[in-house]
Amino acid sequence: MRPVTLLRLLAAAAALALLSCAPAQRADVQTASSGKRWFGDLSPPAENVFTYANGAEPERIDPGLMSGQPDGRIARALFERLTSPDAKTLEPRPGQAYRWDLSPDGLTYTFHLRPGIVWSDGRPVTAHDFLWSWMRVLEPVTASRYATFLYPVANAEAYNKGELKDPAKVGLAAPDDSTFVVRLGQPTSYFLTLTYFYTCLPVPRQVIEKHGARWTRIENIAGNGPFRLSYWRQNDRFEMVRNPTYWDVANVKLDRVVAYSVDDLNTCTNLYKAGVTDWNPSGYLPAQYIPYMRDYADYRTGRYQATYFYSINVTRPPLDNVWVRRALNLAVDRETISRDLLKGSRDPWGNLSPSGYPGYQHPPGITYDPEKARECLAKAGYPGGKGFPKISILFNTSEDHRRIAEAIQAMWRRDLGIDIELSNQEWGSYLQATTSLQYDIARRSWIGDYLDPNTFLEMWRTGDGNNRTGWSSPQYDALLRRAAAELDPTKRFALLAEAEALVLDQGIVIPIYHYSTVELLKPYVKGLYQTALDVHPLQHVWIDREWQTRPGPVAADPRAATDQAGPGSDGTR
Amino acid sequence: MSAAGAALGPAFAPEAEPAEATGSRPESLWADAWKRLRRNRAAVASMVFLTALGLLSLLAPWVPGLADPTLQDLRLGATAPTAAHWFGTDELGRDTLARVIYGGRISLMVGLVATLVSLIIGVSWGAIAGYRGGKIDELMMRIVDVLYSLPYIFLVILLLVFFSRSILMLFVALGLVQWLTMARIVRGQVLSLKHQTFVESARALGASDAAIIFRHIVPNTLGPVIVFTTLTVPAVILQEAFLSFLGLGVQPPDASWGTLVSDGARMLALFPWLVIFPGVALSATLLCFNFLGDGLRDALDPHDRRDVA
Amino acid sequence: MTTFLIRRLLLIIPTLWVIGTLTFFMMRFAPGGPFLAERDIPAAAKEQLERQYGLDRPLHEQYLKFLANSVRLDFGPSYKYPARQVTEIIFEALPVSLELGAWALLLAVLIGVPIGVIAAVRQNTGADFAAMAAALAGVSVPNFVLGPILVLGLSLSLFVFPPALWSGPQSRVLPVLTLSTAYIAYIARLTRGGMLEVLRQDYIRTARAKGLSEFTVVAKHALKLGILPVVSYRGPAAARVVMGSIVVESIFAVPGLGQHLVRGAFNRDYTLVLGVVLFYALFLMLLNLLVDISYTRLDPRVELA
Numbered sequence: 001m002r003p004v005t006l007l008r009l010l011a012a013a014a015a016l017a018l019l020s021c022a023p024a025q026r027a028d029v030q031t032a033s034s035g036k037r038w039f040g041d042l043s044p045p046a047e048n049v050f051t052y053a054n055g056a057e058p059e060r061i062d063p064g065l066m067s068g069q070p071d072g073r074i075a076r077a078l079f080e081r082l083t084s085p086d087a088k089t090l091e092p093r094p095g096q097a098y099r100w101d102l103s104p105d106g107l108t109y110t111f112h113l114r115p116g117i118v119w120s121d122g123r124p125v126t127a128h129d130f131l132w133s134w135m136r137v138l139e140p141v142t143a144s145r146y147a148t149f150l151y152p153v154a155n156a157e158a159y160n161k162g163e164l165k166d167p168a169k170v171g172l173a174a175p176d177d178s179t180f181v182v183r184l185g186q187p188t189s190y191f192l193t194l195t196y197f198y199t200c201l202p203v204p205r206q207v208i209e210k211h212g213a214r215w216t217r218i219e220n221i222a223g224n225g226p227f228r229l230s231y232w233r234q235n236d237r238f239e240m241v242r243n244p245t246y247w248d249v250a251n252v253k254l255d256r257v258v259a260y261s262v263d264d265l266n267t268c269t270n271l272y273k274a275g276v277t278d279w280n281p282s283g284y285l286p287a288q289y290i291p292y293m294r295d296y297a298d299y300r301t302g303r304y305q306a307t308y309f310y311s312i313n314v315t316r317p318p319l320d321n322v323w324v325r326r327a328l329n330l331a332v333d334r335e336t337i338s339r340d341l342l343k344g345s346r347d348p349w350g351n352l353s354p355s356g357y358p359g360y361q362h363p364p365g366i367t368y369d370p371e372k373a374r375e376c377l378a379k380a381g382y383p384g385g386k387g388f389p390k391i392s393i394l395f396n397t398s399e400d401h402r403r404i405a406e407a408i409q410a411m412w413r414r415d416l417g418i419d420i421e422l423s424n425q426e427w428g429s430y431l432q433a434t435t436s437l438q439y440d441i442a443r444r445s446w447i448g449d450y451l452d453p454n455t456f457l458e459m460w461r462t463g464d465g466n467n468r469t470g471w472s473s474p475q476y477d478a479l480l481r482r483a484a485a486e487l488d489p490t491k492r493f494a495l496l497a498e499a500e501a502l503v504l505d506q507g508i509v510i511p512i513y514h515y516s517t518v519e520l521l522k523p524y525v526k527g528l529y530q531t532a533l534d535v536h537p538l539q540h541v542w543i544d545r546e547w548q549t550r551p552g553p554v555a556a557d558p559r560a561a562t563d564q565a566g567p568g569s570d571g572t573r
Numbered sequence: 001m002s003a004a005g006a007a008l009g010p011a012f013a014p015e016a017e018p019a020e021a022t023g024s025r026p027e028s029l030w031a032d033a034w035k036r037l038r039r040n041r042a043a044v045a046s047m048v049f050l051t052a053l054g055l056l057s058l059l060a061p062w063v064p065g066l067a068d069p070t071l072q073d074l075r076l077g078a079t080a081p082t083a084a085h086w087f088g089t090d091e092l093g094r095d096t097l098a099r100v101i102y103g104g105r106i107s108l109m110v111g112l113v114a115t116l117v118s119l120i121i122g123v124s125w126g127a128i129a130g131y132r133g134g135k136i137d138e139l140m141m142r143i144v145d146v147l148y149s150l151p152y153i154f155l156v157i158l159l160l161v162f163f164s165r166s167i168l169m170l171f172v173a174l175g176l177v178q179w180l181t182m183a184r185i186v187r188g189q190v191l192s193l194k195h196q197t198f199v200e201s202a203r204a205l206g207a208s209d210a211a212i213i214f215r216h217i218v219p220n221t222l223g224p225v226i227v228f229t230t231l232t233v234p235a236v237i238l239q240e241a242f243l244s245f246l247g248l249g250v251q252p253p254d255a256s257w258g259t260l261v262s263d264g265a266r267m268l269a270l271f272p273w274l275v276i277f278p279g280v281a282l283s284a285t286l287l288c289f290n291f292l293g294d295g296l297r298d299a300l301d302p303h304d305r306r307d308v309a
Numbered sequence: 001m002t003t004f005l006i007r008r009l010l011l012i013i014p015t016l017w018v019i020g021t022l023t024f025f026m027m028r029f030a031p032g033g034p035f036l037a038e039r040d041i042p043a044a045a046k047e048q049l050e051r052q053y054g055l056d057r058p059l060h061e062q063y064l065k066f067l068a069n070s071v072r073l074d075f076g077p078s079y080k081y082p083a084r085q086v087t088e089i090i091f092e093a094l095p096v097s098l099e100l101g102a103w104a105l106l107l108a109v110l111i112g113v114p115i116g117v118i119a120a121v122r123q124n125t126g127a128d129f130a131a132m133a134a135a136l137a138g139v140s141v142p143n144f145v146l147g148p149i150l151v152l153g154l155s156l157s158l159f160v161f162p163p164a165l166w167s168g169p170q171s172r173v174l175p176v177l178t179l180s181t182a183y184i185a186y187i188a189r190l191t192r193g194g195m196l197e198v199l200r201q202d203y204i205r206t207a208r209a210k211g212l213s214e215f216t217v218v219a220k221h222a223l224k225l226g227i228l229p230v231v232s233y234r235g236p237a238a239a240r241v242v243m244g245s246i247v248v249e250s251i252f253a254v255p256g257l258g259q260h261l262v263r264g265a266f267n268r269d270y271t272l273v274l275g276v277v278l279f280y281a282l283f284l285m286l287l288n289l290l291v292d293i294s295y296t297r298l299d300p301r302v303e304l305a
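Residue numbers (the working numbering), protein chains in the order written: chain A, 1 to 573; chain B, 1 to 309; chain C, 1 to 305.
Check the hints yourself; a few may be wrong.
[Stated by the list, open to error] DSS-like cross-link-like pairs, simulated, lysine-lysine; straight-line CA separation at most 27 Å: (1) A:88 - A:161; (2) C:46 - A:169; (3) A:161 - C:46; (4) C:46 - A:210; (5) C:46 - A:165.
[Said to hold, decoys possible] Only some residues are given here: those of chain A computed to face chain B with a beta carbon under 10 Å: (6) 288; (7) 292; (8) 294; (9) 402.
[To be verified] The following label-pair restraints were derived from C-beta to C-beta distances: (10) A:163 - C:25: 36 to 46 Å; (11) A:432 - C:87: 46 to 56 Å; (12) B:166 - C:102: 48 to 58 Å; (13) A:474 - C:69: 21 to 31 Å; (14) A:104 - C:47: 34 to 44 Å.
By construction, these hints were calculated from the structure, which means they are not laboratory data.
Remember, predicted model here, so these are calculated numbers, not experimental data.
Yeah, the Cβ is synthetic: ideal placement off N, Cα and C, and Gly gets one too.
Throw the hints in and build the complete structure from the sequences for me.
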């Protein structure tokens with residue numbers, strides 16, 4: 001055979017092989033009958049599998065030690081707490097505990113565990129497991145990053161810091177196998193929401209004692225949650241299957257969950273568009289896309305418990321002068337940044353704590369007032385910006401941070417007549433600089449850990465590790481202490497608002513915008529709602545292959561009732 | 001040097017033409033080569049393209065009608081190519097055509113400077129080693145061997161991740177990767193040249209070693225050096241682009257083609273033109289350099305049709 | 001042969017030592033550390049972690065410990081993923097990178113060699129120019145340009161292949177194609193060069209004169225020696241594929257070693273980066289050694305240096 005003909009045959013064979021690799025059916029329904037536009041491929045999975053991008057590879061899936069949202073999502077699928085958050089409202093619902101009581105003085109919670117709950121290796125889950133798990137978190141040698149979540153428990157902080165040596169003095173007790181008693185140091189109205197955090201998940205004592213640090217390996221791990229781990233490859237994916245020993249297994253409709261560990265935002269979005277994933281969680285969409293995604297019906301957005309602000313190092317002149325700080329604060333045009341730079345994808349925000357706390361009245365936020373800003377600067381001793389030393393804004397390398405910094409640099413030059421520099425460092429150096437107070441002004445963000453404004457206010461106490469501004473105010477510390485002891489919720493919120501007003505008045509931070517959740521969700525996924533804490537219990541999710549015939553708002557309004565009207569309680573196995 | 005490499009030999013076996021002491025030989029070589037090169041249409045087209053690109057890059061600030069690449073128009077945002085913006089705009093409203101041209105300035109500059117760095121180091125090293133011979137030669141080439149086996153690119157990546165990412169660091173890092181092969185080629189040439197008559201006469205006339213090396217021998221190695229340089233520039237541009245793609249190369253606000261491609265790839269699902277235009281520019285430039293290099297190699301040594309990897 | 005082997009192996013050890021030391025000190029002196037985070041860790045926790053990893057010991061002690069452990073191939077647990085040992089991580093990711101590289105090289109040979117042969121046989125005709133131009137184009141388009149364009153066309157517009165990841169046969173296609181393109185081109189050029197050399201030889205003319213068909217002449221007689229440059233290129237090719245796979249793995253989120261290197265560097269994961277760098281270095285050097293040895297088998301004219 002002549003070489004040319006051979007080549008032609010090879011080419012044809014290759015083409016055929018390539019084409020046959022293509023999947024059999026890929027329905028590209030760009031516009032559903034309702035006339036909406038969808039972003040990418042719309043064909044639902046053939047099996048009852050829910051696939052999503054989980055972000056960066058979790059450092060660990062040990063709930064007591066982990067930190068990070070990707071870690072948390074996996075942990076929440078494999079383990080369950082005392083209470084389980086409602087999928088829509090995040091209210092505490094019975095989880096491993098079917099009932100709980102609060103004593104009249106607000107100090108003691110008594111949890112009654114469900115009968116018959118077991119770990120996936122067969123051992124029963126008892127109150128002693130919860131006791132052991134929480135004590136483990138508080139144990140100093142465990143080096144748990146979020147032990148602070150349990151500090152409301154009596155003597156927990158002292159024990160965790162190593163000041164108290166006797167574990168029996170900590171306010172946790174398990175009088176019998178199915179009763180778990182928690183005694184608080186003072187009334188803490190948000191305590192139950194604190195326990196949502198993955199640090200408070202129970203862990204199997206028998207496995208940890210046997211395998212030590214390797215207990216989370218797939219051959220060792222045991223959980224009490226709706227799913228169990230069936231496959232795990234690093235930087236690749238987690239695969240979880242329904243856990244047959246879970247107490248509510250009848251209501252878990254998914255057979256399998258696949259979580260890909262992809263941290264590149266663009267790749268996450270591409271995977272969603274190509275139909276490989278069914279859900280692109282919040283934060284995994286490149287910021288530049290947001291303004292262009294609003295027309296798509298699978299784009300969902302809502303307020304998120306996080307704010308973006310600049311932190312000021314008050315130990316460095318001229319920033320130690322409160323008038324300088326006030327001037328800087330008043331000369332930032334948040335509206336323009338939010339509207340033009342961020343294309344309205346984030347709300348401008350003049351407060352420190354975000355919205356979403358029912359009953360909490362924010363103090364008046366900082367507004368844009370260049371006149372007043374100039375006055376403040378003059379009062380500080382730099383009229384018209386004359387003689388103002390060169391300071392710099394520090395941020396970790398990112399186009400978004402740079403653009404905002406450049407915009408603010410221009411605003412301050414225009415309105416105050418001062419010239420500042422920009423300095424960007426990569427993440428490791430940036431962290432080092434901020435923790436060691438080696439900066440003038442630094443970009444920061446803070447995400448709320450629980451549904452209470454305290455999570456944004458406690459960090460500014462004197463000496464708190466997350467303070468990072470060098471600011472210390474006995475008056476502020478006292479306000480927070482009084483608020484913590486206050487039983488009446490209205491009075492308590494008033495005290496917290498006063499504290500927040502103090503922070504804003506002292507200008508130690510420059511609030512800029514309020515975060516939103518932005519996620520993409522395929523229309524055939526039901527049971528997944530937008531929540532303020534961006535927490536999504538996976539056991540309520542199901543795949544609706546008949547979504548087109550059953551139109552119901554998937555996007556904006558999370559309180560639409562039609563989603564829940566799925567197949568009956570025997571599920572779609 | 002690996003045995004395989006030795007067997008293939010340097011690309012340029014010494015010419016069979018007799019040497020002349022006066023140095024008129026190089027001229028006829030060049031004229032000859034030029035004639036052959038002119039017949040290679042692809043090479044000529046590449047030369048034209050590269051010259052045009054070079055001129056455009058150099059004169060970019062004065063080209064009429066070319067937008068300012070840093071000018072942002074936030075209300076416009078990213079738009080597909082239109083009459084006003086031939087290559088479209090990016091998400092900050094910056095004109096992509098301008099960005100690509102200015103990006104070319106940076107890419108070409110990095111390519112040329114880093115190549116120059118590797119040229120200076122490599123030629124000097126190879127010439128000295130080849131001329132001196134003996135123990136010095138062995139030592140110098142042994143060092144080259146050891147360095148050759150280091151996975152340079154890893155160390156460069158680590159260096160750039162942990163320490164400063166200034167453009168200076170980039171030049172040095174990239175130049176350091178390329179000089180080794182240059183050194184080997186030059187050494188091979190020098191080895192064959194140093195026994196020629198014109199060298200003997202220069203030595204007899206009392207010229208110092210340095211003078212002999214740099215004034216007499218090196219100019220005669222120019223042929224392969226030129227070819228290799230023409231092929232090193234695209235290699236360096238490619239490496240810089242690769243580093244920029246990983247976020248380690250040129251830092252904002254400067255942008256090279258690598259950064260443009262990297263940024264564009266991050267918005268592939270919505271704004272594909274941001275990848276396509278810089279990508280095509282980069283590929284076309286590299287292509288032309290490669291065509292030119294091939295053509296020069298053919299022109300300077302028509303008997304050698306072997307391609308050295 | 002044995003002296004050659006011994007000399008080469010002896011060269012490997014100091015090279016590894018240099019690399020290891022360089023990397024070790026680079027990581028230690030770089031700003032930032034593995035335990036800094038946006039959110040503060042209680043001081044007790046941080047101390048505990050540092051003690052666990054031996055970071056509280058003086059630097060020279062750490063270095064010696066590192067050397068001792070490296071010889072035993074024990075790099076300890078990864079900083080970022082403490083439930084896993086570095087060697088474990090490497091061996092889990094290694095098959096992925098190997099598979100990617102192997103497919104790429106296989107494809108490169110299967111497509112590149114025939115193209116090169118045809119170009120040589122039809123030298124200076126249209127087919128030759130077309131093939132060589134295509135080859136040059138393949139070499140000139142960087143894989144981080146080609147990758148996104150392939151994704152754009154075949155994944156995001158026509159939902160044929162997944163845009164990333166490494167699960168299932170479809171997801172292999174785009175990364176392998178992207179990685180292999182440059183090598184298809186190289187190998188085509190090399191084959192052409194080698195074939196041209198061989199086709200000029202007298203014995204080829206003899207074979208033709210004997211009346212053998214063109215195909216037999218080319219495939220049976222010329223190819224064996226004409227393919228030598230490709231064979232000798234195997235070593236550098238494999239090395240380059242390793243480098244190229246770093247980018248391809250990043251673009252396509254393939255869970256291989258290249259990803260671990262890049263992410264580990266950004267995460268300041270000391271132990272993982274050290275392990276991966278040393279592993280790569282060793283792998284590359286052994287590969288070069290193997291190629292050199294095999295080359296002597298193929299061409300007895302070659303003397304080992």
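Hint by hint, here is what the structure shows:
no.: 1; hint: A:88 - A:161; result: 37 Å, violated
no.: 2; hint: C:46 - A:169; result: 25 Å, holds
no.: 3; hint: A:161 - C:46; result: 12 Å, holds
no.: 4; hint: C:46 - A:210; result: 25 Å, holds
no.: 5; hint: C:46 - A:165; result: 19 Å, holds
no.: 6; hint: 288; result: 4 Å, holds
no.: 7; hint: 292; result: 6 Å, holds
no.: 8; hint: 294; result: 12 Å, violated
no.: 9; hint: 402; result: 7 Å, holds
no.: 10; hint: A:163 - C:25: 36 to 46 Å; result: 39 Å, holds
no.: 11; hint: A:432 - C:87: 46 to 56 Å; result: 30 Å, violated
no.: 12; hint: B:166 - C:102: 48 to 58 Å; result: 39 Å, violated
no.: 13; hint: A:474 - C:69: 21 to 31 Å; result: 50 Å, violated
no.: 14; hint: A:104 - C:47: 34 to 44 Å; result: 41 Å, holds
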